[in-house]
Amino acid sequence: MRILSGIQPTGRFHWGNYFGAIRQYIALQDNEQAFYFIADLHALTTVRDPALLQEYSREAAIDLLALGLKPEQATLFRQSDVPEISELTWLLMTVTQMSLLEKCHAYKDKQAKGLAADAGLFTYPVLMAADILLYDSDKVPVGVDQVQHIEVARDIAGRFNAMYNAEALHLPEAYVVESTAKVPGTDGEKMSKSYGNTIELFQPAKKLRKRIMSIKTDSAALEDSKVPETCSVFTLYQLFADEQQQNALADRYRAGGMGYGEAKQTLYEAAMEYFAPARERREQLVANIDQVEDILQAGATRAREKGREVLDRVRAACGLSAQGQ
RNA sequence: ACGGGUGUAGCUCAAUUGGCAGAGCACCGGAUUCCAAAUCCGGCGGUUGGGGGUUCAAGUCCCUCCGCCCGUGCCA
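The first sequence maps to residues 156 to 480 in the numbering used here.
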């Protein structure tokens, strides 16, 4: 059973990324054959600064490894290190109906906002389909908002197979990761880069503390009884604390006499402790950056091996010569 | 494709007959606050869409290319 997941390096990872997605994806590496890639080709539609894209891609690899991705179990690679992706994208594009892409929400959203959409954004679901199909992926863990794109991949694969009367492409299934964790940002809205309310995972301790202190609260006085359920600080604390610790803090909220400043300090300490091992691993990785590059190269080699196999099947099906021979 | 409009800081927009590129918001730092918010103080931020020309001097005038918006046409 092969699972596949990609993440766009469009910025530094934050708590929302981790608790909403990364954590669940990494957990799957133990039971499945996992392919994880850094979707730099996708990021290209957003990040227009070459130096920045390179930095984000490298940081993404470091972060994922620091957060527990085991390269000896899972295959980690950079999307752009697998050129077979681009070739498969073209082949798929020739069987993709315009109407299918016009329905996709990333494109529709941008149109609705009156923003300029380029062909990259429009055809992005085809690239995503290629990402998935190139490795005969069985399951693709995604959030609910991405299920549509998996359906697109299935549609394209099915259409290709039917058109050429071949079993060249393996139909993947969406594996919906129910993100049980609520991760509010510093303004109380859902944590998201586009809201500018994120708390970055690996920022320096001092910055992190400052960021946590800036979380929006109500103006209840120090001695007032407070409601933990509606407080972002408490909601975030739940991500790091066990049930007993959560109950203890909730009791202090309700009792009154504890201010939000103290709650934030508690949250800060809990977060620092929670991510301490990852921070330590990260420091080691940064000190051995060559090792990270080696891991990515080894991952790319493995990914290309599988990709070549599938691509040859696809090429043969539509009448192109097989390259691998 | 033609016509009109438009392009200035991350965002919304100023800038007199051609005369030192600015403000508000956002962001960062400080004061204040249990923390945050509000308020006050300070700071960062620019190839004025690109290129060429006129001029002592161009955001401003001329040429050219590009992006975006509106209208019309062409093609099915």
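It should be emphasised that the hints constitute simulated quantities derived from the structure, not laboratory data. Glycine included, C-beta positions come from ideal geometry on N, C-alpha and C. Heads up, some of the hints might be wrong.
[What the hints assert, rightly or not] Here are the computed distance ranges between Cβ atoms for each label pair:
#  : residue 1 : residue 2 : range
1  : Arg314    : Glu464    : 19 to 25 Å
2  : Ser254    : Arg463    : 30 to 36 Å
3  : Asp406    : Ala274    : 54 to 60 Å
4  : Asn186    : Gln439    : 25 to 31 Å
5  : Asn443    : Ser349    : 45 to 51 Å
6  : Asn443    : Glu378    : 50 to 56 Å
7  : Gly351    : Asn320    : 18 to 24 Å
8  : Gln303    : Glu417    : 40 to 46 Å
9  : Val302    : Thr456    : 54 to 60 Å
10 : Ala442    : Leu207    : 33 to 39 Å
11 : Arg463    : Ala431    : 39 to 45 Å
12 : Ser476    : Asp397    : 58 to 64 Å
Structure-based check of each hint:
1. Arg314 <-> Glu464: 19 to 25 Å: 21 Å, holds
2. Ser254 <-> Arg463: 30 to 36 Å: 32 Å, holds
3. Asp406 <-> Ala274: 54 to 60 Å: For aspartate 406 and alanine 274 the Cβ distance comes to about 57 Å; the hint holds.
4. Asn186 <-> Gln439: 25 to 31 Å: At 27 Å between Cβs, range holds.
5. Asn443 <-> Ser349: 45 to 51 Å: Cβ of asparagine 443 to Cβ of serine 349: about 34 Å, so the range 45 to 51 Å is violated.
6. Asn443 <-> Glu378: 50 to 56 Å: Holds - the Cβ-Cβ distance for asparagine 443 and glutamate 378, about 51 Å, lies within 50 to 56 Å.
7. Gly351 <-> Asn320: 18 to 24 Å: Because 51 Å falls outside the window, the suggested range is violated.
8. Gln303 <-> Glu417: 40 to 46 Å: For glutamine 303 and glutamate 417 the Cβ distance comes to about 44 Å; the hint holds.
9. Val302 <-> Thr456: 54 to 60 Å: Once the Cβ atoms are compared, 31 Å apart, the range 54 to 60 Å for threonine 456 and valine 302 is violated.
10. Ala442 <-> Leu207: 33 to 39 Å: 23 Å, violated
11. Arg463 <-> Ala431: 39 to 45 Å: 41 Å, holds
12. Ser476 <-> Asp397: 58 to 64 Å: 59 Å, holds
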